[in-house]
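2 protein chains.
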Amino acid sequence: MLPGIGVFGTGNVVKVIVPFLREKGFKIEAIWGRTLNAAEEVAKELEIPFHTNRIDDVLLRKDVDLIFIICSPNLHAQIAVKALGIGKHVLCDKPAGLCQGEALKMVRASQYYPSLISIVNHSLRFLPAFGQMRRAIVDGYLGQESEITVCDVRVQMGSLLHDAYDWLCDDTMGGGVLTLVGSHVIDLVSHLTSQRAVRVHGVIRTFTKTTDHVNGIRHISSPDFCTFQMEMSGGALVTATLNNHLPGTFSQEVLICGQAGHLMVRGGDLYGRKSNSAKEDVIYLDVEDLQRGGAINSTAASTIPRPYMKGLFKMIGALREAFLPVEDKRGWVKEPVALAATFEDGLYVQAVIDALKKSNSNREWVKVNVITEEPDPDPLLSAAVRRSAISM
Amino acid sequence: MLPGIGVFGTGNVVKVIVPFLREKGFKIEAIWGRTLNAAEEVAKELEIPFHTNRIDDVLLRKDVDLIFIICSPNLHAQIAVKALGIGKHVLCDKPAGLCQGEALKMVRASQYYPSLISIVNHSLRFLPAFGQMRRAIVDGYLGQESEITVCDVRVQMGSLLHDAYDWLCDDTMGGGVLTLVGSHVIDLVSHLTSQRAVRVHGVIRTFTKTTDHVNGIRHISSPDFCTFQMEMSGGALVTATLNNHLPGTFSQEVLICGQAGHLMVRGGDLYGRKSNSAKEDVIYLDVEDLQRGGAINSTAASTIPRPYMKGLFKMIGALREAFLPVEDKRGWVKEPVALAATFEDGLYVQAVIDALKKSNSNREWVKVNVITEEPDPDPLLSAAVRRSAISM
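Going down the list, the protein sequences come from chains Y and U.
Residue numbers are given in the working numbering: position 64 of the first sequence equals residue 64, and the series is strictly consecutive.
To convert, count from 1 in the second sequence and add 392; that's the working numbering.
If you're looking for bench data, these hints aren't it; they were derived computationally from the structure.
Take these hints with a grain of salt, some might be off.
[As the list claims (entries may be wrong)] Some chain U residues well away from chain Y (every beta-carbon gap over 12 Å; in silico):
1. Leu629
2. Ile708
3. Glu713
4. Val760
[Claimed, not checked] Straight-line C-alpha distance at most 30 Å; calculated DSSO-like pairs for lysine-lysine:
5. Lys749/U x Lys367/Y
6. Lys671/U x Lys15/Y
7. Lys666/U x Lys367/Y
8. Lys358/Y x Lys671/U
9. Lys750/U x Lys357/Y
10. Lys367/Y x Lys759/U
11. Lys27/Y x Lys334/Y
12. Lys419/U x Lys750/U
13. Lys209/Y x Lys666/U
14. Lys759/U x Lys357/Y
15. Lys357/Y x Lys726/U
16. Lys358/Y x Lys749/U
17. Lys358/Y x Lys706/U
18. Lys601/U x Lys274/Y
19. Lys209/Y x Lys671/U
20. Lys759/U x Lys209/Y
21. Lys367/Y x Lys750/U
22. Lys497/U x Lys279/Y
23. Lys601/U x Lys279/Y
[Stated by the list, open to error] Covered by chain Y, according to a simulated footprint, are these stretches of chain U (three or more residues, beta-carbon under 8 Å):
24. 427-435
25. 561-571
26. 595-603
27. 633-642
28. 648-660
29. 745-757
In this text, a Cβ means the ideal position worked out from N, Cα and C, and glycines have one as well.
Given only the sequences and the hints, what does the whole structure look like? Please build it.
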């Protein structure tokens, strides 16, 4: 049987996901919003039977077995850890949290409850074009995997901000193009190349600090542009440029070059060319229509770039399969979502984001350091305690 | 009357330029090649009456008044300086030289003979799409010029190398994507934005060190990939990715974003979108045919990317106008080529290239320092001389 779902968040993506979850047979039991008003409004619009602004009121419901965390990143870790602790499956939006410390807590919780499903919403992994790209790489289209030379990613789009001031404007709450788009890119590149970033260099900028709607005492601190380079464990060099200064546009290109050829995903289509070939191969064209059944609010849908939405829908399809296994009687299996990003992947992505932020501040290359111990919240105090212990 | 031309170099671009110069009414009097054989072969193919492998034999000819330097960069400075010194006009291929010291010598020579035409072949300035882009920026399409936020350049193409080993394989002779393509990008961005690079960061790589034809004791040292960032004097941030790993392809995109909109040149076409507009403007479509008269060897033409070739042809058209002024009786005027890159521009580009190389070596941001004094060729010796002068 499909689990009942509790949703955290009231943004546009929720309005896209809920109808699609229902179409796939999931039941939405409860929704949480930052304010009671916001929760009530969306609950009404989407006809969700229960709404609240208290986290526990969703988590503790008996009819809720799967948690969708699609709110601001500063709340991801606390909700995810608590949900796993009381035996609920979790799908958490990217990035995992605000910093590695939070992401590590989530990893620990997922390791403690390994039978529960815990995945990060890096939906591009489920976009068919990237599935095909991954397969082509594994099959040697670019040569040996160790012969991947360059990976070049470019995302050009409009502003990520809403009209009103909210967490998207705030760097410290996880807003901005690096956390919201860059996290996808960092995960995707690792997924495709089977390599992880060793050293990174980044430039992160907030060019637009005020808008017609946000121009009072609060300014925008979340970045609207970033460009970064990553030296990968297998020798590949990644360069990515993410740009929020093209209103009304969405264009995403992922190019991977190897000694034997190159592969390029544009939008949802995959092209390739072997070095010794005289012409480009059209490997996969994405002609499948997203809007079947008309279930999706098209206004909301237009606010989320198509490849991301489509990947998300495919991931929800996989999630359905995970809960409707044909032979297994336990109620769920993990295989259908084996492709999904784990909380460990989320921790790695967070480590790269942390390194990029440090690189930007210090204007230098920074080694990526995935933590395995929670950072000491107060190193000075700890040192003092140790000293007093010694002197006693 | 149009001046007689002496050409230095025997590469493919020569085979494209010579027929076009003739079509414009110029007479090619002499050609120089690195070897007598190479010179003879091209002289025969292009029906040039005189060929040599001695530089002076071209420069000193009375029927030669305009020098086209299209050979390896390590020879640019010495030929250009000598040519100006004996009263000949010079068009010099990019980059100006191998280092700032060489470029500075060229600047000095051009300042000493200001009435002579001395230009660097940064031909993209003459491509109509960039002319239109520059005009749109000046007319405020992006807002104030000081409101330019991001400039993003991407060039994707195949290898720059020939089958046989030559200077293109050699970093120290000026080969590679940074000097040959990057120099254009550095010049173009300054030309378009009226801003110069203040600080730069670059990653420069040679992924392909051997080919089927170059695999003996000599390896390829010239870079086939680079990505760089430039902080500009007016606050803009430039990011550029130049990639030689897409055989059989040529794609060039130059995007400039401002607070009021963005402009994008793709190939030879210009698109734009104002921030408050619901649709993209097609500002300029390049439909003009290059191959008129059939004068151009199409095999050779295919070896040079179309925007570069077209810009070069427009520049040669401007050069013709410079030598055929209607009212001025001196024989030439500089106005028609006022758009061209000067040797001072060449020195600036060289300063940025030097800074990018240093950035790549030291893995750090480097301040761009345009020299005004020739660097001391042997600082240790000079210090010893100063010490002995003091002790005497």
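Do the hints match the structure? See the list:
Taking the minimum C-beta to C-beta distance to chain Y, about 6 Å, the non-interface status of Leu629/U is violated against the 12 Å cut. In this structure Ile708/U is separated from chain Y by more than 12 Å, as the shortest Cβ-Cβ distance comes to about 32 Å. Under the 12 Å C-beta cut-off, the non-interface status given to Glu713/U relative to chain Y holds; the minimum distance is some 38 Å. Residue placement check: Val760/U keeps its beta carbon more than 12 Å from all beta carbons of chain Y (closest about 15 Å).
A threshold of 30 Å between alpha carbons decides the hint, and for Lys749/U with Lys367/Y the separation of about 22 Å falls inside it, so the pair holds. At most 30 Å may separate the alpha-carbon atoms for a hinted pair to count; Lys671/U and Lys15/Y meet this at roughly 26 Å. At roughly 40 Å between alpha-carbon atoms, Lys666/U and Lys367/Y are farther apart than 30 Å, so this suggested pair is violated. Between Lys358/Y and Lys671/U the alpha-carbon distance is near 38 Å, which puts this suggested pair outside the 30 Å criterion.
Taking the CA atoms of Lys750/U and Lys357/Y, the gap is about 23 Å. The hint holds against a cut of 30 Å. With a C-alpha separation of about 23 Å, the suggested pairing of Lys367/Y with Lys759/U holds against the 30 Å cut-off. Distance restraint check for Lys27/Y and Lys334/Y: the Cα-Cα separation of roughly 20 Å lies within the 30 Å cut-off, and the hinted pair is therefore satisfied. Taking the CA atoms of Lys419/U and Lys750/U, the gap is about 43 Å. The hint is violated against a cut of 30 Å.
Our distance criterion of 30 Å between C-alpha atoms is met by Lys209/Y and Lys666/U, whose separation comes to about 19 Å. At most 30 Å may separate the alpha-carbon atoms for a hinted pair to count; Lys759/U and Lys357/Y meet this at roughly 22 Å. For the suggested pair Lys357/Y and Lys726/U, the alpha carbons sit about 49 Å apart, so the restraint of at most 30 Å is broken. The hinted pair formed by Lys358/Y and Lys749/U meets the criterion: a straight-line CA distance of about 23 Å does not exceed 30 Å.
For the given pair, Lys358/Y sits about 47 Å from Lys706/U by alpha-carbon distance, which is inconsistent with the 30 Å threshold. Proposed proximity of Lys601/U and Lys274/Y is supported: the alpha carbons are some 19 Å apart, at most 30 Å. Annotation: proposed proximity of Lys209/Y to Lys671/U holds, straight-line Cα distance about 25 Å (limit 30 Å). Between the alpha carbons of Lys759/U and Lys209/Y the distance comes to roughly 27 Å, so the proposed pair stays at or under 30 Å and holds.
About 20 Å separates the Cα atoms of Lys367/Y and Lys750/U, which keeps this hinted pair within 30 Å; it holds. Using a Cα cut-off of 30 Å, the hinted pair Lys497/U and Lys279/Y is violated, with the two alpha carbons roughly 46 Å apart. Between Lys601/U and Lys279/Y, the direct Cα distance comes to roughly 25 Å. Compliance with the 30 Å bound is thereby established for this hinted pair. With 0 residues carrying a beta carbon less than 8 Å from a beta carbon of chain Y, the stretch 427-435 of chain U misses the three-residue requirement, and the given coverage is violated.
A count of 0 residues in the stretch 561-571 of chain U with a Cβ less than 8 Å from any Cβ of chain Y is obtained; the coverage claim is therefore unmet, three being the minimum. Here the stretch 595-603 of chain U counts 4 residues with a CB under 8 Å from a CB of chain Y, which clears the bar of 3, and the coverage holds. Coverage of the stretch 633-642 of chain U by chain Y holds in this model, with 7 residues showing a Cβ closer than 8 Å to a Cβ of that chain against a need of three. For the stretch 648-660 of chain U, the stated coverage by chain Y is satisfied: 3 residues place a CB nearer than 8 Å to a CB of that chain, which reaches the threshold of 3.
Evaluation of the coverage hint for the stretch 745-757 of chain U: fulfilled, as 3 residues show C-beta separations to chain Y shorter than 8 Å, against a requirement of three.
In terms of the numbered hints stated before, the structure departs from hints 1, 7, 8, 12, 15, 17, 22, 24, 25, listed from lowest to highest.
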